[in-house]
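Could you slot chains C, V and Z onto chain W? The hints should help.
Protein chains: 4
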Amino acid sequence: MFKPGRHFLQIPGPTNVPDDVLRAMDQPTMDHRSPEFGVLGLRALSSIKTVFKTAGDVIIYPASGTGAWEAALANTLSPGDKVLMCETGQFASLWRKLALRLGLEPQVIETDWRTGADVAAIAAALQADTGHRIKAVCVVHNETSTGCTSDIKAVRAALGNAEHPALLMVDVISSLGSIDYRHDDWGVDVTVGGSQKGLMLPPGLSFNAVSTKARAAAAKGSMRHSYWNWEEMLKANSTGFFPYTPATNLLYGLVAAVDRLHAEGLDTVFARHQRHAEATRRAVRAWGLEVLCRTPEHYSGALTAVLMPDGHSADAFRKVVHQQLNMSLGNGLGRLADRVFRIGHLGDFNDLMLAGTLSGVEMGLKLAGVPHQSGGLQAALEYLTDTASGVCDAQAA
Amino acid sequence: MFKPGRHFLQIPGPTNVPDDVLRAMDQPTMDHRSPEFGVLGLRALSSIKTVFKTAGDVIIYPASGTGAWEAALANTLSPGDKVLMCETGQFASLWRKLALRLGLEPQVIETDWRTGADVAAIAAALQADTGHRIKAVCVVHNETSTGCTSDIKAVRAALGNAEHPALLMVDVISSLGSIDYRHDDWGVDVTVGGSQKGLMLPPGLSFNAVSTKARAAAAKGSMRHSYWNWEEMLKANSTGFFPYTPATNLLYGLVAAVDRLHAEGLDTVFARHQRHAEATRRAVRAWGLEVLCRTPEHYSGALTAVLMPDGHSADAFRKVVHQQLNMSLGNGLGRLADRVFRIGHLGDFNDLMLAGTLSGVEMGLKLAGVPHQSGGLQAALEYLTDTASGVCDAQAA
Amino acid sequence: MFKPGRHFLQIPGPTNVPDDVLRAMDQPTMDHRSPEFGVLGLRALSSIKTVFKTAGDVIIYPASGTGAWEAALANTLSPGDKVLMCETGQFASLWRKLALRLGLEPQVIETDWRTGADVAAIAAALQADTGHRIKAVCVVHNETSTGCTSDIKAVRAALGNAEHPALLMVDVISSLGSIDYRHDDWGVDVTVGGSQKGLMLPPGLSFNAVSTKARAAAAKGSMRHSYWNWEEMLKANSTGFFPYTPATNLLYGLVAAVDRLHAEGLDTVFARHQRHAEATRRAVRAWGLEVLCRTPEHYSGALTAVLMPDGHSADAFRKVVHQQLNMSLGNGLGRLADRVFRIGHLGDFNDLMLAGTLSGVEMGLKLAGVPHQSGGLQAALEYLTDTASGVCDAQAA
Amino acid sequence: MFKPGRHFLQIPGPTNVPDDVLRAMDQPTMDHRSPEFGVLGLRALSSIKTVFKTAGDVIIYPASGTGAWEAALANTLSPGDKVLMCETGQFASLWRKLALRLGLEPQVIETDWRTGADVAAIAAALQADTGHRIKAVCVVHNETSTGCTSDIKAVRAALGNAEHPALLMVDVISSLGSIDYRHDDWGVDVTVGGSQKGLMLPPGLSFNAVSTKARAAAAKGSMRHSYWNWEEMLKANSTGFFPYTPATNLLYGLVAAVDRLHAEGLDTVFARHQRHAEATRRAVRAWGLEVLCRTPEHYSGALTAVLMPDGHSADAFRKVVHQQLNMSLGNGLGRLADRVFRIGHLGDFNDLMLAGTLSGVEMGLKLAGVPHQSGGLQAALEYLTDTASGVCDAQAA
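Residue numbers (my numbering), protein chains in the order written: chain W, 1 to 397; chain C, 1 to 397; chain V, 1 to 397; chain Z, 1 to 397.
Extracted from the complex, chain W is given alone in its bound form (with noise of 0.2 Å):
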């Protein structure tokens, strides 16, 4: 059936991308061994640490963001390390899953999935790991299954107090250019990001920003790779160049995209997905549904996942969207499938698109027999005027 009009691509990444970056991809690949793209590779390189906010290296991969999970991994671990991983979600479960391919042992530290990491948690478990068998602590910073974020400061504290010398590395796939982040004043040692979500780019592209710290981990890690090797990239990429042809159009796309975040600046950037995110979560709290992250100060601002109320399907309510009102929401996974369902208020966005993708959760819920109350439309758009003018001061101050 022909859906008229653009899609609302209201998923949690991959976002929208902007024109002007599709348009910036959308031109002749070049020689990947030409002067020319030494100046772009570069570019590219360089632009994507501000993203990061490091003043040390980024890899970029011609691969997924799972493949950037395997290669922090991989470089810097050896067969039977341990690992500490916080299961906050289905990502993060993923990635442990990951893990226990790769031959490492994850010691896993749980939650409901409907709030941040366990800090108080971690920190137990590097107190006790008096012998330093833990190698790595891993965290995922936006939990794109559950819309919950983690303190990342927080669990580089935990490290510090326990005066533990395991890497810690971060998952920030969805958080990258939404959310605030900081590689280096964090003090992560690896940092693991994608092109899909606040970097608005299509899939295609993952990051490692890797800290000193990392790179000498890496020289001694015994796991048997080459693809994700780190030190490679590293010596190529001095020059601009890469060790294997690369994803040359993606980064094109790159460039263009990391000029759109200063363009607008990150602060501001940031503060946006903070206000949609609020916008969004008075929007289901009139509604009389709950959002799944339960303790604020965990508050994605990124996405918002929604519960549906008991005896609800959340994917027959998406399907509703989709077919009739031309709206993609995210599913429910792993033990949340068809339980909730993801609004994904990242990348290239805007007050009047989340009044659209509200709208179109409001209609839907309606035209699903979801038991609701009208009006969440109406508390979002209450709050975003409340606070469009305010907005709007601070960018003129």
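In case anyone wonders, no lab produced these hints; they're calculated from the structure.
Be aware that one or more of the hints could be misleading.
Identical copies look the same in the list; a pair holds intra-copy or inter-copy alike.
[What the hints assert, rightly or not] List time: in silico DSS-like cross-link candidates among lysine-lysine, alpha-carbon distance up to 30 Å:
1) Lys220 <-> Lys235
2) Lys366 <-> Lys213
3) Lys213 <-> Lys97
4) Lys319 <-> Lys153
Chains C, V and Z only, in chain W's frame:
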């Protein structure tokens, strides 16, 4: 100031050009005398006829709609000819001004710019013109400045009843492809269209659909012109070519755009526009504002003009919406300047885009301090939801 | 039949549109009454002036070049006015035909279509016109049908010597942006240009560069027209807007295209065209064929028309080239039909594209059984090679 | 320095991406878990099989070809396994290096890098391996660094004759879609491909075509990896989905690119490449230079590597060509560094593009002061002309 997300282009044209139409135009320009061009030309010419609903000829000009207005008059009439023109709004008024410049003598039937053409007055004027001095009756099907349509079928009946030989000329610039229109069935002699509204193309093409009677008149018209000449066009068009260089890349887009209209189905397209117009009017009334068009039978499916409360500037309101909410609304034109704003809901559009649009109006009214009641958006959503299933069922049936 | 690889579009326009110009147009259409549009409009208007080399005004029409021809005459002249027209080829002939349709009285100075305008004859005609009945002198700067240029400076001198007040109107449709041209320096009153040749844009825009004297004449011209009206345009243009909907997306491209011309440098652009023209002529001579233009001082930098040996059809040859070699060459027009083929070497072009083009001609001559000597390409390559360093040094200096 | 016209990208990949393939990718990214994506995924997966000529499975990775090399080895083998590798050039050498990193034990059969794999030596090695310690034989079908192909069918016969159970793994990165290759017919177990050569896509996708035997081996392989895991991929692929986010926009392009290959016809595509390769070799010989590949049965249809005369730097020559002629040629790799240049004539290519390319080489040789005879281009043109008709007739028949 950087504005994230997609701009809401809610003027009554140019409208949003669909991505695949833009991409169809983003192709190398071809030799306009090559055999491949002939194939394209024939396809473009036959495509556009289906939208005018004519088995006759449609001329495609590389020009704006204003050019096609001039072409309609210049081909068929002679200096000093009397033309009966219905001044339903600013565009009708501009067409009259153009007629004056060409040396024609417009006899004007006015309205208050809040309704369609006055068919009774047209009928009376035709009856009174026993000498048949009136050579053409000119009506704007959808007045883009007011959001009022005119009853073309009734105008034709008036001509018939009066047994008057005048040509019937109709401007469908903002109704073509968005509001039901039938060049042949309604006995129109010259229909004037443009690319940038319901056809979902950038501006740069305009059209004259011409009846046999119009071509016969053209053979006798003594106005001096060359670019607009129908006969040279039709001669070259017979094999898919043009007498001078056509706007090749817009023709690529034309074929793609008409394919889209038929993929959705013209009747479905028209019903969609009517439904969105009704939803918009419900919002307007719920805000306590007034729809400019005061006669429901003339409501436009393509746009809704809204009267501002006394003492409030429509342009000040539009400026707030533009700056703070990244949406363009249409301004009041001519005697309506600063007194109305116009909401375009035509072209490549859907429910959630309309919801975003009306959200922007509601937020803007508050931000600009325009007295209104909230709840307009809610009223629109209810209507859209209530009618969504029906639309769906109808399509499934 | 599927044809792999890039088509060689070697007609003398439309020319190859550079990828970044195509991409600049592949952007959402904007509100032509928004503040952002005003910025774009001013930029487009000031950009195009630099290519005409005028400090005065340039009108941008959403129309083909034929429209701009009409605009030049319709604004400044009155029915019955005498115009001195130099029939240097098919396009000059078409301009004359257009003048006749507008009720003007062309006095024609003919050539054999193998050279530039006959300046002596122009001078004589002006001297003879003591009553100043001639209101305008019309010359085509670069005859696209013959590959002969005319000496505009000399025509101006002829007007000056005769102390004749006629306007000087020049068609630069196929020379603008490819052959040196100076609207102000050469004292031209109306210069007529188009988008699809040296400007490297798709067709759909055309131009009138107008002198103060031309505007004064326009104030008195009595021809009936509206679309082409300069004064309304200039009034709106002063703030970057247009009196009717402009071809927005082509304006995006216009800005990008002019930026390209200046990135290369206009003088470098002109020298490149001359060098490619000379290489082409060397190839033609080495094949034992004849360049149509018989007077070297009128050789065109934009295209080269080549005479076919007697008894051989240029169109049959062109068909072979098109079908078997995926290249479009220009056909003979008017009295030259089937007797010449035209090689376009203008626009976004370089040495290797020319080498591919001339290879296609040489292969095509053999495939089509046209008597010739081989070695034309070799001769061109030698010239290109010999002059390559010089060009390089000059740029480095 | 600004370089007008189209860059000649004549490296042996990445190749020129056709405009419609670029435009197919220049579309909004979609939800990779939506029903629409499932349709796309199935189409992409079935499309790519036709190019590998397999009825079995093809894995699509969001990764470079290097990743697909790793995937082939990591899925099927275990650390310590012996692999017979044919070092036919730099890429074979890099694959060996990768195998070493994965803990495999390569047994290397060398060549002088001027011919295909030594099948007799492979046969002997397999015969000698009575204990079947060799688990896989790895051959590069088309060595991108040398322009020599290897006889895969003969290698399979050697395995058969020796009744050896080793897997046959073949790299077709630069032959897929440009040189005849048959995964099933030739009994290959794992074929490794990439997107950026004969497939005419940007880099970013790579492939493993896998036999039933290879999947059985994978069930037993003990190498630690996750991203490359075939079984998870195939499980998700069965409904058109992927276990992690795929490179969506490249998949759009993949479907468009394979459609192009079939529109031309795979056999026609292969014949075109062979014909262009022969034309290139004739040019090389006429210049008095030497084709690197010394055994005609191993000539590559995709590229031609050319030996520089002693004492002349290939890189200095390439730099002249790049700077002065706007063309990229491939450099010598590994032990061939600075001694050869490589002409890519693969992908979306035609006669006149080849003529432009060879013109650039001939001009560059002169500009760089490399001793040679002129006339190479002439020789190529003669061959292209003589064979043009035949090709045409064959297509018409």
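Results of checking the hints against the structure:
1. Lys220 <-> Lys235: Answer is within; shortest intra-copy Cα gap is 18 Å, inter-copy 35 Å.
2. Lys366 <-> Lys213: neither (54 Å within a copy, 53 Å between copies)
3. Lys213 <-> Lys97: Answer is both: 25 Å inside a copy and 27 Å across each meet the 30 Å cutoff.
4. Lys319 <-> Lys153: neither (39 Å within a copy, 43 Å between copies)
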